[in-house]
Amino acid sequence: MMDPTLAHHLSEVAVSVEVETEGMTLNIGPQHPSTHGVLRLVARVDGERASSVRPVIGYMHRGYEKLAEVRTYPQIITIVNRIDWVSGFANEIPFVVAAERLMDIEAPPRAQWIRLVLTEMARISSHLVFMASYPLELGAATPLFFALRERERVLDLLESVTGGRFHPNFNRLGGVKPVYAAGPTTKKAGMDIPAGFLNETRDAMGKVLGTCEEIEDLVAGNEVFLARTKGVGVIPVEIGASYGVSGPNLRASGTDFDLRKVSDYLPYADFDFDIPVRPNGDCWDRWWVRLQEIRQSARIITQAIDGLPTGPLQAKVPRIIKVPAGETYVRAENPKGEMGYYLVSTGGLGPYRLKIRSASFSNLSLLPWLLEGALVPDFIAIMGSLDFVLGDVDR
Amino acid sequence: MILGLVFWFELAIKLAAAAAVVPLIGMVIGYGEMKLSAHMQSRVGPYFAGGRFGWAQLIADGIKFIQKEDIVPQEADRPVFKWAPALVMLGTMALLVVIPFHPSSDYGIVSDLDVGIFYALAISSVSTIGVLMAGWSSANKYSLMGGLRAAGQLIAYELPLVLATVGVVIQAGTMSMQGIVSAQVAQSWPFVLTQFVGFAIFMIATLAELTRLPFDMPIAESELVMGYVTEYSGFRFLFFFLAEFTNMFTMSVIAVTLFLGGYGFWGINPDSLLSPLIVFAKVGVLLFFMIWLRWTLPRLREDQLQTLAWKWLIPLAIANLIVTAVLKVVI
Chain A
-1 MMDPTLAHHL SEVAVSVEVE TEGMTLNIGP QHPSTHGVLR LVARVDGERA SSVRPVIGYM
59 HRGYEKLAEV RTYPQIITIV NRIDWVSGFA NEIPFVVAAE RLMDIEAPPR AQWIRLVLTE
119 MARISSHLVF MASYPLELGA ATPLFFALRE RERVLDLLES VTGGRFHPNF NRLGGVKPVY
179 AAGPTTKKAG MDIPAGFLNE TRDAMGKVLG TCEEIEDLVA GNEVFLARTK GVGVIPVEIG
239 ASYGVSGPNL RASGTDFDLR KVSDYLPYAD FDFDIPVRPN GDCWDRWWVR LQEIRQSARI
299 ITQAIDGLPT GPLQAKVPRI IKVPAGETYV RAENPKGEMG YYLVSTGGLG PYRLKIRSAS
359 FSNLSLLPWL LEGALVPDFI AIMGSLDFVL GDVDR
Chain B
9 MILGLVFWFE LAIKLAAAAA VVPLIGMVIG YGEMKLSAHM QSRVGPYFAG GRFGWAQLIA
69 DGIKFIQKED IVPQEADRPV FKWAPALVML GTMALLVVIP FHPSSDYGIV SDLDVGIFYA
129 LAISSVSTIG VLMAGWSSAN KYSLMGGLRA AGQLIAYELP LVLATVGVVI QAGTMSMQGI
189 VSAQVAQSWP FVLTQFVGFA IFMIATLAEL TRLPFDMPIA ESELVMGYVT EYSGFRFLFF
249 FLAEFTNMFT MSVIAVTLFL GGYGFWGINP DSLLSPLIVF AKVGVLLFFM IWLRWTLPRL
309 REDQLQTLAW KWLIPLAIAN LIVTAVLKVV I
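Chains as they are written, first to last, in the working numbering: chain A, -1 to 393; chain B, 9 to 339.
If you are wondering where the hints come from, they were derived from the structure by calculation, not from laboratory data. Worth double-checking, as some hints may not be accurate.
Said to hold, decoys possible - Think about it this way: if two alpha-carbon atoms lie no more than 20 angstroms apart in a straight line, the pair counts; the simulated SDA-like pairs of lysine to any residue are:
hint : chain 1 : residue 1 : chain 2 : residue 2
1    : B       : 149       : A       : 29
2    : B       : 319       : B       : 335
3    : B       : 149       : A       : 346
4    : A       : 228       : B       : 312
Said to hold, decoys possible - Estimated spans, in silico, between C-beta atoms of each pair:
hint : chain 1 : residue 1 : chain 2 : residue 2 : range
5    : B       : 337       : A       : 252       : 30 to 36 angstroms
6    : A       : 236       : B       : 334       : 57 to 63 angstroms
7    : B       : 123       : A       : 25        : 45 to 51 angstroms
8    : B       : 147       : A       : 344       : 36 to 42 angstroms
9    : B       : 21        : A       : 163       : 56 to 62 angstroms
10   : A       : 163       : B       : 282       : 54 to 60 angstroms
11   : B       : 296       : A       : 224       : 21 to 27 angstroms
12   : B       : 130       : A       : 277       : 39 to 45 angstroms
Stated by the list, open to error - Some chain B residues near chain A, calculated using beta-carbon distances under 7 angstroms:
hint : residue
13   : 22
14   : 149
15   : 166
16   : 167
17   : 220
18   : 242
19   : 306
20   : 313
Glycine is no exception: its CB is placed at the ideal position from the N, C-alpha and C atoms.
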């Protein structure tokens, strides 16, 4: 005879058929093929699905904000080059403009237009890196070669003007650095952009547009690419804006906010160009927006070299540059998004404080929200589509 | 002595031939992939090794791999870790046994089993066990995920693969590889004309089985570093590397046997010595398509692959099977 309480107890023992799977902590990076350098993600995964993702940054921290406090203004231009090294030239612009505003000088029109041309070239080259690396992260190796070939063309042009492919260090307070186009005997006469640059640029832009067609043929119509990117990593516009996401990432979510149309740090008002916008905010839209931006940048450059004004490249500045006391914030539409410098001067040779607002840092801050519940393969698709550079994140 | 000296002598020669042929096939395909991918990407590819066209590139690579240290991670399950590449290679080599290159029963095929295609499909899955072993024993989370993906992929793709071949078996009325080819030679057209659905399913499933793009999720460099081969180095890595290329060959040669008429070709006597060359030419075409896809397509996601297999390929293969069976009875 069984004890009734025991019988009752046994009947209560439920047979658990639910399989308990133990979660796993997956450390992605800092050494990993597709974390764009040294980003580390600590992901809590159950099988392939992540329950939480924590990005760990700082492996690339070089202390630029602090370094800027002990450098003179011309020296800082070489530092800001290296923040987002994929588009080095574009980083220089907001800093130089901020210092110029405090000094109450303005670069001559020709210098401003050259700045604009080279900024757009930096944008093209940055977006072409994205066009190269993003399909690679999804497994397609071939678009890389098409995009990088074109990027090399653009970098060659940048190099012919500035002397540097990645770190041009070309801007000066009040203008751009004159280049000796001819030999040393004709120093004064030759201080301008190299002869033939304008024609070469026109040719190169035609080829860039051709490559855009090629990339679109190769990638945009690909069923597998669409399956991997459509509806993946959707950023609603209000979430994106609240995290400070900017640039192409936000424009793919349906806003047409572009500082080139709003602000006047460079004479964009003189040019005719569109802002590509997509409504869905998924990876495919971000890819598409960047491809269209390459086309628009090529359009801007073609207009600029057709109407490049003549005149000096440098405004009159004192030999030893001291910026009057004051503070200002200048922001610019960089390839990665909104980049800004908050410059505080107390009248010395260098700034008292330089706060760098970099686009990738804010864009990356969305990752924990965006990757929660995502699959491991989608991690890569989503991270790649945000197009960040770790130098721009850590500074 | 029951087995005479001749037997051992023959066996030694056969072993030596097998040991030479398999790496050779792997190297030829590897070189082909390097060159083809290079030209698809506006590069030159191997150029210097060997003097002309870089023909010795793969030999140089092989020597380099042999020189490398054979690293076994401290936490790894050593015996399993060490045997996994061998098992992967074993599955590949054992497949070559039932491939007919010539109608002659003496030297056209190593062993014409009555259940040839059954054997081939069974043995081709053995290498997945090696992959799973490699993934499990590496003591690496990426390797583990790669191994598990490979196992999931195998289950998803073995079914359509088998179902696609059953159509051919019904039509040929035999499971012997020689029998299937001679059935196609006798009717003078390959089975691909009637079994094109089966052929398409077979090729897609083959790509998944080979873990080649667009189905290379078990390796997935950008996600899992190198999947189940992450921790391998030196000679053992070379084994995986060669096994991939040799596997491409064996799976293509099975496809050629089943669907493309094997050594049969219009106007050429199958008994002639050209037969093996015809097989190689047909295999070359299939290999070209595999390499072409590899360098064109991005990678699917594991769940998308499962959807494709279970929701599309298996129903399609079953429908194909039913139609084939009904027509076989009716006609």
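How the hints compare with the structure:
| no. | hint | result |
| --- | --- | --- |
| 1 | B:149 / A:29 | holds (14 angstroms) |
| 2 | B:319 / B:335 | violated (25 angstroms) |
| 3 | B:149 / A:346 | violated (54 angstroms) |
| 4 | A:228 / B:312 | holds (13 angstroms) |
| 5 | B:337 / A:252: 30 to 36 angstroms | violated (59 angstroms) |
| 6 | A:236 / B:334: 57 to 63 angstroms | holds (58 angstroms) |
| 7 | B:123 / A:25: 45 to 51 angstroms | holds (48 angstroms) |
| 8 | B:147 / A:344: 36 to 42 angstroms | violated (57 angstroms) |
| 9 | B:21 / A:163: 56 to 62 angstroms | holds (59 angstroms) |
| 10 | A:163 / B:282: 54 to 60 angstroms | holds (56 angstroms) |
| 11 | B:296 / A:224: 21 to 27 angstroms | holds (26 angstroms) |
| 12 | B:130 / A:277: 39 to 45 angstroms | violated (52 angstroms) |
| 13 | 22 | violated (39 angstroms) |
| 14 | 149 | holds (6 angstroms) |
| 15 | 166 | violated (21 angstroms) |
| 16 | 167 | violated (22 angstroms) |
| 17 | 220 | violated (11 angstroms) |
| 18 | 242 | violated (20 angstroms) |
| 19 | 306 | holds (4 angstroms) |
| 20 | 313 | violated (10 angstroms) |
Comparing the model with each numbered hint stated earlier shows that hints 2, 3, 5, 8, 12, 13, 15, 16, 17, 18, 20 do not hold.
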